[in-house]
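Participant: Sequence:
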Amino acid sequence: MPARTVALTFDGGPDPVWTPRILDLLRRNNARATFFVHGAQAARHPELVRRIRAEGHEIGSNTYTGAVLGESSAPRFRAELEMTQSALAGATGRRTNLLRMPRTTSPDTLCGREWQAARRAAGYGYVLVAADKGSRRPAQGIVRQLSQTESAYQEARRLLRNRAVERFTTVSDGLGLVPDAPSSLLARWVGQGLIRVTGLGQVFSTAMIWILGVAGGLGVLRLLLLALFARAHVRRLERFRTGAPWMRETSGPVTVLVPAYNEEAGIGSTLRSLLDSRHRELQVVVIDDGSTDRTADIAANTGDARVEVVRQVNAGKAAALNRGLAHARYDIVVMVDADTVFEPDAIERIVQPLAHPAVGAVSGNTKVGNRRSLLARWQHLEYVFGFNLDRRMFEVLECMPTVPGAIGAFRRDAVLGVGGVSEDTLAEDTDLTMALWRSGWRVLYEESAVAWTEVPTGLRQLWRQRYRWCYGTLQAMWKHRGALFGRGPAGRFGRRGLTYLALFQVALPLLAPVIDVYALYGVLFRDPWESAAVWFAFLGVQIVCSGYALRLDGEPVRALWSMPFQIVVYRQLMYLVVIQSLVALLLGSRLRWQRMHRSGTAAEQIGGPVPYRGVPMR
Numbered sequence: 008m009p010a011r012t013v014a015l016t017f018d019g020g021p022d023p024v025w026t027p028r029i030l031d032l033l034r035r036n037n038a039r040a041t042f043f044v045h046g047a048q049a050a051r052h053p054e055l056v057r058r059i060r061a062e063g064h065e066i067g068s069n070t071y072t073g074a075v076l077g078e079s080s081a082p083r084f085r086a087e088l089e090m091t092q093s094a095l096a097g098a099t100g101r102r103t104n105l106l107r108m109p110r111t112t113s114p115d116t117l118c119g120r121e122w123q124a125a126r127r128a129a130g131y132g133y134v135l136v137a138a139d140k141g142s143r144r145p146a147q148g149i150v151r152q153l154s155q156t157e158s159a160y161q162e163a164r165r166l167l168r169n170r171a172v173e174r175f176t177t178v179s180d181g182l183g184l185v186p187d188a189p190s191s192l193l194a195r196w197v198g199q200g201l202i203r204v205t206g207l208g209q210v211f212s213t214a215m216i217w218i219l220g221v222a223g224g225l226g227v228l229r230l231l232l233l234a235l236f237a238r239a240h241v242r243r244l245e246r247f248r249t250g251a252p253w254m255r256e257t258s259g260p261v262t263v264l265v266p267a268y269n270e271e272a273g274i275g276s277t278l279r280s281l282l283d284s285r286h287r288e289l290q291v292v293v294i295d296d297g298s299t300d301r302t303a304d305i306a307a308n309t310g311d312a313r314v315e316v317v318r319q320v321n322a323g324k325a326a327a328l329n330r331g332l333a334h335a336r337y338d339i340v341v342m343v344d345a346d347t348v349f350e351p352d353a354i355e356r357i358v359q360p361l362a363h364p365a366v367g368a369v370s371g372n373t374k375v376g377n378r379r380s381l382l383a384r385w386q387h388l389e390y391v392f393g394f395n396l397d398r399r400m401f402e403v404l405e406c407m408p409t410v411p412g413a414i415g416a417f418r419r420d421a422v423l424g425v426g427g428v429s430e431d432t433l434a435e436d437t438d439l440t441m442a443l444w445r446s447g448w449r450v451l452y453e454e455s456a457v458a459w460t461e462v463p464t465g466l467r468q469l470w471r472q473r474y475r476w477c478y479g480t481l482q483a484m485w486k487h488r489g490a491l492f493g494r495g496p497a498g499r500f501g502r503r504g505l506t507y508l509a510l511f512q513v514a515l516p517l518l519a520p521v522i523d524v525y526a527l528y529g530v531l532f533r534d535p536w537e538s539a540a541v542w543f544a545f546l547g548v549q550i551v552c553s554g555y556a557l558r559l560d561g562e563p564v565r566a567l568w569s570m571p572f573q574i575v576v577y578r579q580l581m582y583l584v585v586i587q588s589l590v591a592l593l594l595g596s597r598l599r600w601q602r603m604h605r606s607g608t609a610a611e612q613i614g615g616p617v618p619y620r621g622v623p624m625r
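The sequence shown lines up with residues 8 to 625 when you count with the numbering used here.
Accuracy of the hints is not assured; some may be wrong.
To be verified - Ranges between beta-carbon positions, derived for each pair: (1) Gly130 / Ala544: 26 to 34 Å; (2) Glu54 / Arg494: 52 to 60 Å; (3) Val241 / Ala544: 25 to 33 Å; (4) Gly183 / Leu32: 35 to 43 Å; (5) Gly297 / Arg565: 55 to 63 Å.
If you're looking for bench data, these hints aren't it; they were derived computationally from the structure.
Glycine included, each C-beta is placed from N, C-alpha and C at the ideal position.
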């Protein structure tokens with residue numbers, strides 16, 4: 008480098024903040040410099056690359072991502088250099104022969120693998136540019152290396168004021184090197200394509216970050232709401248367990264409706280559990296919905312006068328329940344799925360809140376009976392955390408959206424007052440509950456009324472069941488959207504319950520996969536430890552909340568061991584179910600009722616060595 012001449016070089020970037028400031032500084036001082044850019048940044052900010060070139064400065068390569076070439080494989084080595092050339096060709100139409108290897112800014116750092124990498128780069132026609140040590144004075148002529156940062160900007164200002172320097176120039180001009188050359192037409196097309204893809208990637212990445220923030224925020228908000236309101240529910244029970252008007256004892260007769268279609272595997276266990284109930288004054292109506300097996304015969308042969316069997320042609324569950332309501336003799340009606348086994352005190356407990364005249368329905372506590380397989384254990388966690396913890400919150404907020412078909416108590420007049428059980432949706436239980444709210448009735452949750460249900464043991468059955476549930480719930484939400492603008496109980500349900508379902512049962516499942524995708528992206532392409540730490544932190548919060556839910560429900564916490572696998576596998580399936588249901592609904596597809604194959608194993612847990620120990624009746 009000639010005496011009193013400085014070749015200013017800037018590594019990295021172009022940076023949208025500091026590169027324009029550095030260019031302005033150079034222009035004010037009539038100085039030129041060489042910018043060794045990262046190809047990835049050049050593809051993100053091609054306008055800055057063009058400005059560098061237009062203002063008379065020189066552009067060199069600092070590799071595409073700033074990778075250490077001495078530690079890179081042969082394919083990565085070539086890609087780092089060639090992709091940078093593509094980005095420069097797309098932005099300026101020219102290619103460079105100048106290269107500064109990352110972390111080798113001075114000649115004495117070129118040793119070992121870095122020396123071998125430098126020789127390979129030279130073999131590709133590159134001129135490697137190092138920088139002089141700081142001890143060399145500007146009067147001697149130097150190549151000075153700076154980064155595109157605030158500190159480099161301040162150092163450049165000091166150098167430009169140095170009276171010992173007569174000229175600030177580019178590396179090629181100062182050393183008499185051949186300047187850059189035009190790129191071929193093909194290289195320009197490839198480079199422009201790279202810039203467009205990079206731009207789309209930026210938009211996608213920004214959108215992903217926003218979606219990640221929204222999904223993560225919704226997930227954390229849901230966990231906080233569930234924990235907060237579950238605790239409030241427990242305190243409410245402790246405060247009003249005695250003396251509140253809806254806690255008055257009810258001991259009147261009860262009608263139990265059991266709609267059944269080809270349920271011979273489990274109908275016997277269901278009826279035995281009902282007839283063994285402590286609440287003795289019962290009318291049990293089994294509505295056989297055109298079964299082709301021995302369901303009706305098993306029900307008729309129970310040998311108990313309290314059991315009545317009503318036969319009809321196959322018309323669906325809603326029609327069967329309406330037929331049963333027509334045969335009901337008592338005002339309090341308990342609806343039961345034919346694969347469900349009741350605890351002896353379940354009926355006695357679930358009817359107590361109906362003592363209050365404003366209460367139209369009560370949801371019971373549904374538990375998984377056949378929880379031996381891993382898939383069933385995952386559903387057990389979902390029932391305890393996702394369903395029953397939700398219901399505690401819904402009761403506090405007065406917006407219970409669903410009284411499950413497995414165990415629910417209703418005031419007969421209230422059901423008939425809304426037109427009976429509607430056949431408009433596939434989720435007749437959700438539809439009925441929402442209709443009761445809109446008619447001014449209150450709906451409560453009685454966690455001490457326990458019933459054991461049989462869950463799917465195969466993925467195909469599970470998918471069909473959840474698809475039907477989700478599709479039907481979306482139908483019911485749309486049908487009762489007018490509750491958003493209602494008053495009294497209807498308005499509270501609409502603005503609280505429907506909003507919650509829209510946010511956490513529809514929007515969150517649609518967005519939640521982004522968290523897992525971004526976590527995988529972070530592990531593969533960013534800091535894997537940081538991504539893993541965030542994922543495990545979120546998992547830890549969910550495990551703590553699930554453990555709290557299990558304790559509230561009187562369940563052992565050992566079931567939590569399967570939760571990490573549930574999040575990785577099971578929840579992805581549930582997210583896909585929501586997506587499929589929403590797409591089907593938007594396309595106007597009609598979903599038929601699909602019956603689940605039963606094995607009659609709902610009583611497994613209740614008859615096991617560790618029976619359920621319910622909480623005290625409120």
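Participant: State for each hint whether it applies.
Facilitator: Hints, one by one, checked against the model:
Checking the proposed 26 to 34 Å range against Gly130 and Ala544 shows it is violated: the Cβ atoms sit about 48 Å from each other. A beta carbon spacing of about 56 Å between Glu54 and Arg494 agrees with the range 52 to 60 Å that was offered as a hint. Evaluation of the 25 to 33 Å hint for Val241 and Ala544 yields a pass: the beta carbon distance comes to about 26 Å. Range check, Gly183 to Leu32: Cβ separation about 26 Å, and the 35 to 43 Å hint is violated.
Between Gly297 and Arg565, the C-beta spacing of about 43 Å breaks the proposed range 55 to 63 Å.
The structure fails to meet hints 1, 4 and 5 from the earlier list, while all remaining hints are met.
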